[in-house]
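For the sequence shown, this note's numbering assigns the number 7 to the initial residue and increments by one for each residue that follows.
Since the hints were made in silico from the structure, they are not lab data. Just so you know, not all the hints are guaranteed correct.
Stated by the list, open to error - Restraint ranges, calculated between C-beta atoms of paired labels, are given here:
id, residue 1, residue 2, range
1, Gln82, Gln49, 46 to 52 Å
2, Asp42, Asp69, 48 to 54 Å
3, Gln47, Gln76, 40 to 46 Å
4, Gln35, Glu72, 35 to 41 Å
5, Gln47, Glu72, 34 to 40 Å
6, Asp39, Gln19, 29 to 35 Å
7, Val15, Gln50, 51 to 57 Å
8, Gln32, Gln71, 56 to 62 Å
9, Gln56, Gln76, 51 to 57 Å
10, Glu54, Gln74, 41 to 47 Å
11, Gln19, Gln50, 31 to 37 Å
12, Asp78, Gln46, 32 to 38 Å
Where is the CB? At the ideal position from N, CA and C, for every residue including glycine.
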Amino acid sequence: MQAHLEQLVWQEQQDQQELQELQDQQELQELQDQQDQQDQQDQQELQELQELQDQQDQQELQDQQELQDQQDQQDQQDLGD
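Generate the whole structure from the sequences, applying the supplied hints.
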């Protein structure tokens, strides 16, 4: 009888441990998922910022080019005069 009880107690402990491990695993998984989501959002925000920056750079380049062209025209006229 005693041995049987010990067997039951041991089994109970095993079950508890397995349950705990499963829960831990689940929590870890959820944390991982959250982290992944966060990373994805960060990635997206970075991407958008990068695109904005590129657009701005493009605009500045264009503006510089136009200024340069105007300057060239001016120089050309000065030479022509």
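We went through each hint and held it up to the structure:
1. A C-beta distance of roughly 49 Å is found between glutamine 82 and glutamine 49, which places it inside the suggested range of 46 to 52 Å.
2. Separation of aspartate 42 from aspartate 69 is about 41 Å and departs from the stated range, judged on CB atoms against 48 to 54 Å.
3. Look at glutamine 47 against glutamine 76: about 44 Å separates their beta carbons, and that is inside 40 to 46 Å.
4. A beta carbon spacing of about 55 Å between glutamine 35 and glutamate 72 contradicts the range 35 to 41 Å that was offered as a hint.
5. Here the CB-CB span from glutamine 47 to glutamate 72 is close to 38 Å, well matched to the stated 34 to 40 Å.
6. Evaluation of the 29 to 35 Å hint for aspartate 39 and glutamine 19 yields a pass: the beta carbon distance comes to about 30 Å.
7. Here the CB-CB span from valine 15 to glutamine 50 is close to 52 Å, well matched to the stated 51 to 57 Å.
8. Remark: the range hint 56 to 62 Å for glutamine 32 to glutamine 71 is upheld by a beta-carbon distance near 58 Å.
9. Distance hint check for glutamine 56 and glutamine 76: the Cβ-Cβ separation is about 31 Å, which falls outside the suggested range of 51 to 57 Å.
10. Between glutamate 54 and glutamine 74 the C-beta distance comes to about 30 Å, which lies outside the given range of 41 to 47 Å.
11. For glutamine 19 paired with glutamine 50, a C-beta distance near 47 Å fails the hint of 31 to 37 Å.
12. Look at aspartate 78 against glutamine 46: about 47 Å separates their beta carbons, and that is not inside 32 to 38 Å.
Going down the numbered hints, you'll see the structure goes against 2, 4, 9, 10, 11 and 12, while the others check out.
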